[in-house]
Amino acid sequence: MTNARPGDEANPPAPALAPPIQWARRQWRAARWTLAVSDGPPNAAGEELAQALARHIVGHRLRGTPQLVSAWERVIGGGDGYSPTEGEALKAFLGVIRPGISPEHVEAFIAEYLWHYLVTHDVAEQALVRVVGPKFHVTAPGGDGLVVRRGESLRFTLWEIKKHSGTDLTGSVRDAYLQLSDGATQYLAEYSAVEQLNDDRDLARLFARLVEAWVDGEPVARAGVAVAGSTAPQKCFTTMGKYFAQLTSDDSRHGLTAAVAPFPTFALRVRELLWTGL
Amino acid sequence: VDRALDLDRIRLALGDHARLPSARELVEKIAETEVALFRGLEEIDASLLDVAWYLHSVASALPALDLYGADRQRTAFQVSGHVFDLLLANRNLPTIDRFRFMFAAQVAYLRGDLNPNAIAAYRSRPDAAALVGFQDPSAAVRVGSGLLAFDTAWLFPAMQRLRRERDAARLAWGVDPEATVFGSSSLGIDGAWHLLLYLVYGSADNLTLARDELRRAVTNSPSSEDLDARWVAFHLLQLSDQLGATSLWSVLPPTTSPSIARAFTLARPAILSFWPPQVDLLRGDRAPNAFDADVRRMVLSIPTSAGKTLLAQVIVADHLARRGTGVCFVAPTRSLCREIEASLRRRLRLIATAAEITVSDVAFEIPLVDEVAIEVMTPERLAYLMRADPDTVLARYGLFIIDEAHTLTDGARGWTLEWVLSTLHHLSRDTGHRIVVMSAALGQRAHLVSWLDPTGEGIHFHSDWRGPRRVHSVFTSEPDWDHPRDLPRPRSNTPVRREYDAYGVLRLRPSGTGRIHQLRTTSPVGRLVLRQPSQKRDDQSTPFYKTLAPLASILGRAGPVLIISPTKVEAARLASEIAQLNPPESAAPVWLIDLAAARLGDLHPLIACLRRGVAYHHASLPGDVLLGIEEALSADELRFIVATTTLTEGVNLPVRTVIIAAQGAFSGEGYEEFITGARLLNAIGRAGRAARESEGWVVLARNAAFDAQDFERLRPTEADMPVQSVLVSDPALDQLASLEAALAGGADVALARPGPLVEGFLSYVWYVASLLEDRGQPATPDSVSEFLRSTLAWRQLDDQGRRRWHEASRAATVAFRRRPADARRRWSRAGTSLAAAAVLDEIAAQVSADAAAEAGGEPIAALPLVIRGGRLNRITALPEAQIRRIRTSRGGASRLVAIDEAALLSDWLSGLSVPGLAARYLHDVPDEEFRLEQLADHVTAAYENFLPWAVGIVIEWANLALADGDTGIQLDTSLPAFIRYGVDSMTAVSLVRAGIPSRSLATAVAGAFLAERHDPEQALRAWLCTFDLIDWRDRYHPSPAELRALIEFARPPGSRLAARLLGGEVVTVPVRTLAAVGERSAADIQEIAGEPAPARLGVWVGADRVAAILPEHYAEIEAVRATGVPLAVDVGPGGEGLTVSISLVSLAD
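Quick note, the sequences are listed as chains B and Y, same order. Numbering-wise, the first sequence is residues 5 to 282 according to our numbering. Numbering-wise, the second sequence is residues 145 to 1293 according to our numbering.
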């Protein structure tokens, strides 16, 4: 079950089965923390998650071309290989993690999509209204993701997503804080412009005011930092308040850690699934 | 305070936010950044970025969402544009961020109605010429930026490539890219493409299509993560209404020929959208309307860099297309005339209506060629034509555009413009003639309006709008009083002298807070030496101008610097000082140095300056050298130019920084400030090149202690620049009093010399009297007064003033009637004072008497007769000649040097160079630099202006006398032109008149033509076109400007090749065959790589160069290529060799 709004094409189709993710939640004064933990491949649960994520990525990146989604399903299911045009198309749309791209980039890509997968599957969160991200050129500078949810009112969360190797977790989280706090106005200005044409007037007004709401620390504005890696830390996001001091409302700072061990193997496996037959 | 940093406006835009700087803090942050940039630093406060995006976001909110008011949003755009612009100064920005900031700035500037700054911001783009691929992450922002800068030359090829790649991808993928992650990018490119097509070619369908595609690009679901593409599309969509409404296709009336709009949208620089004042004036719903034939008078007051010239061009183009008469475009200097002509030529070449254009370099001839539809001329030339035959002038021209009309106030030249305008106005009061008067500096506009349009039926348009901001600053040199040093006293009677280091101090007041930011040089710029105990300044102190040179040198890092100097001598001195601070590698372009050296000699002081990248520019330098300097500056090939105000009055040469070195100078009557009012405003107005930079810097140098009021000096008010008739001025009234005294003493009014203003007035009275006589009307004081009442003076004089001038007019009219009819008619047309006309009349009589002894038949040479018997000396001694006497040295025990003017003139005509002339005639001047400088001054003063005119009059009058005497003898009338250009054949004259800027090139080409042509009937143009550009280079070694002039000369008059091509015709022309081509094949026209500009144009089939474009077609084909419009070219056999056929590629989908 997801909270994706029916007919909202910008959101990915829900997978048939939710994979085996263990969710946990903690609340610090500085931030609310969501933990998502799963084994990675070759463990069966890990393989299941890799397949689900690969399917999620294909469903998302190829959502305008269901025939290509079917082609991928066909190939991954052991059917006929790709036709030349299908192959060319998939190479173009998944080219960002083509073989030869550095493992760093592949992991960053997988981290962003894992975040996307989790925020669209986290049933404990408020109803999902709109998700934008991960950005098309993953390595390009810019906002990593924006989520709008509806509780008593509409609220948005601007996300920054990082992968980590375990040893550099603190550094990765701090980098994410800095990048998000430094770049927020720019990222939000872009989201603000492009989402104003929404037919839902309340939503359009929210988007038009993203930057102002952020700058003024209005209750509608939230910051989110997500990190993905092999391990789940014992403690995380305890200093987030320092970086987003203007966001003082309840639940306005959100941390997400995704632990899939071992993450590099997981990332490469997802890429392998995506590029099978290409 | 520039409006961009007005505290109230920033407060309005910003609102109040705890996490953002307050309005006051923001103003100061911006100001500090400006100051840092002034110092050449790139210290950008990071918090400015948050403000910039915040304001951009506020401004970008859709109005339908009712979040912010329109005024706040507009102001927020303006401020964010400014901040983004400052952020772009950071050279370390990643490419993608640079494009994002640039696009954000462009959007902000356009939506903030500061259009030219959007183009200026685009100049900071990296890898400017790069054509990116369809899947490149920066493709969207690059296209968006290019479109908002109207960079058609890049857009056409770049977008065609993107669209081709996208179409190829569609085939390769088997799916529509719109349905993919590339959907927003694909749709955005289509939307931008159709917006471009609309802006360039019109057709509302393109605009509709563009809007639809852009909207879909923003909302396209499969590519919702392509934020950049969506963001660019969103802003282009929001701008599409504005661009649509300000495009030429919307603003120009539907009755306007499409070729007119195309002339602006295609010729470079492409004008795809009008700026706010242009829209205000030209919009169709304006009443009265600028295109309405009933609007016969327009007074346009628009600041420099606000698009005044373009307005005039539109009015000219519309006039030519709709009415059967020509256009007379008047500008105060020959340089400006050339510039106006060149920019009109670029555009009008593309207009379907045949519209040849010429610039009249001389005032003493009537080369009214039939095909010429537009003539750009000085007021003196129009005065000459009016004197010769006003009816022909009125029959020929239906539209008169008077640019820089504030020069009405400039002494004797001002009066010339006033009487010409008055007379035109008077004679056309009941006709359909249109008179457009324009200026950037018109105080008391109401006077001008009530003068030219008393019934108020015309258009009186005033705008304060301008694109680039200006930062004002004041420079002083300040001693370090805390560290005095006593100078050694070699002798006991040497006075005690105390020395202080002097530092340059620059004060800026960039913001509305009034805070003054002070910058001080880190090392001394000179020293102050005071005698003790009197504290009198000692001569060992550094002169002020020398302390200014380091500042100029520093500011030159940011862009070209124009230093306005009050006198010619100071201009040259300061230029030399700046040059000494520049490294050798900063030299001006070789072609300019070569041109100046050939014209002035290697040792002329200008040459040494040019070798270090500094030019000076004043009226004593030859016209072709001045033109070269202007060209180099506008092509960004010259960093420093020190000029007198003749430049700022004369040429539209904007720069990054203007330094006013001093506002006045010492004369016999003490220190007098004259760079004030309109003159100052014109100088300041050159700071900040519209569409090239969004900010200009102005420095006022003050050789005095700083006073905060100095900033006010840089803001002349309208009251400081009244448009006041010269006849109302004190000098004129003083001269009038002299005349009155002379008349009371029984003097002959016609021979009186009360001063140039009154003499000009008396000449005008004679002209009017003669005009009346020609029309069979009595030349009475009352009938003359009818004309006087049409002058501006008559509107501005009080009753007593009118009575006094009327009396002078009465005396002149009476004197007119006393003179013999033929003499008074001649004198009225001389264009000199009556007293000078009397002298010239005597000389003409002597010349005709001498000539009568010659044999009839061929016209006889005039030179020997003109110089015989001291006649030449009499002419050059006339007060009008204003020829400075040659001196042995600059100062000290200088004495006058006698020159054999007749021999000098003969050698000048024989083609002897300036250095050669200097060596021969000025050997008594030991300093070679000073010798060359004086000779160049002499040549310019005598031969470029006065002498050709005076000699022309003598020859004309002598010929009249010879004709009356039935002698069958006539003098050759070529001499004035020979003198003017320093050449000895009409072939060379025709080249110079056609725009060949240098005497030596004209002489060389003419000489070769006359010696080499086999067929005496062969015309010069045809002969020249038997060669190629490369031959021209080899034979004559022309500078780029000269080569372009030869190319222009080679173009047959009336050739409409470019206009026909852009009008949709297939144009086929012969080419020079280089290799055989069997059948017509697709081809490409390209410049030949490795050749300096302008390079030859080759025709390629694949990798093979098979032909070359002929010189006669070069100019027009290059004009079409410069538009960037895709062309279809094929080459194949035709006629005796190969031909190429060129047509527009169909751009419809």
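Wrong hints could be hidden among the right ones.
[Stated by the list, open to error] Per label pair, the in silico range of CB-to-CB distance:
(1) Val1289(Y) x Pro145(B): 53 to 63 Å
(2) Asp152(Y) x Asp186(B): 27 to 37 Å
(3) Ser1225(Y) x Ser87(B): 47 to 57 Å
(4) Ala486(Y) x Pro145(B): 56 to 66 Å
(5) Ser87(B) x Glu1192(Y): 36 to 46 Å
(6) Asp186(B) x Gln588(Y): 36 to 46 Å
(7) Ser87(B) x Val1289(Y): 50 to 60 Å
(8) Asp385(Y) x Asp179(B): 38 to 48 Å
These aren't lab readings, by the way, just hints derived from the structure by calculation. Backbone N, C-alpha and C fix where the C-beta goes; we use that ideal spot for every residue, glycine too.
Structure-based check of each hint:
1. For Val1289(Y) paired with Pro145(B), a C-beta distance near 37 Å fails the hint of 53 to 63 Å.
2. At roughly 30 Å, the beta-carbon separation of Asp152(Y) and Asp186(B) lies within the given 27 to 37 Å, and the hint holds.
3. For Ser1225(Y) and Ser87(B), the hinted distance range of 47 to 57 Å is not satisfied, since their beta carbons lie about 37 Å from each other.
4. The hint said 56 to 66 Å for the Cβ distance between Ala486(Y) and Pro145(B), and at roughly 44 Å that hint is violated.
5. Distance hint check for Ser87(B) and Glu1192(Y): the Cβ-Cβ separation is about 59 Å, which falls outside the suggested range of 36 to 46 Å.
6. Judged by the Cβ atoms, the range 36 to 46 Å given for Asp186(B) and Gln588(Y) is violated: they are separated by roughly 54 Å.
7. Take Ser87(B) and Val1289(Y): their Cβ atoms lie about 34 Å apart, and the range 50 to 60 Å is violated.
8. At about 42 Å, the beta-carbon gap between Asp385(Y) and Asp179(B) stays in the expected band of 38 to 48 Å.
The structure is inconsistent with the numbered hints 1, 3, 4, 5, 6 and 7, although it conforms to all the rest.
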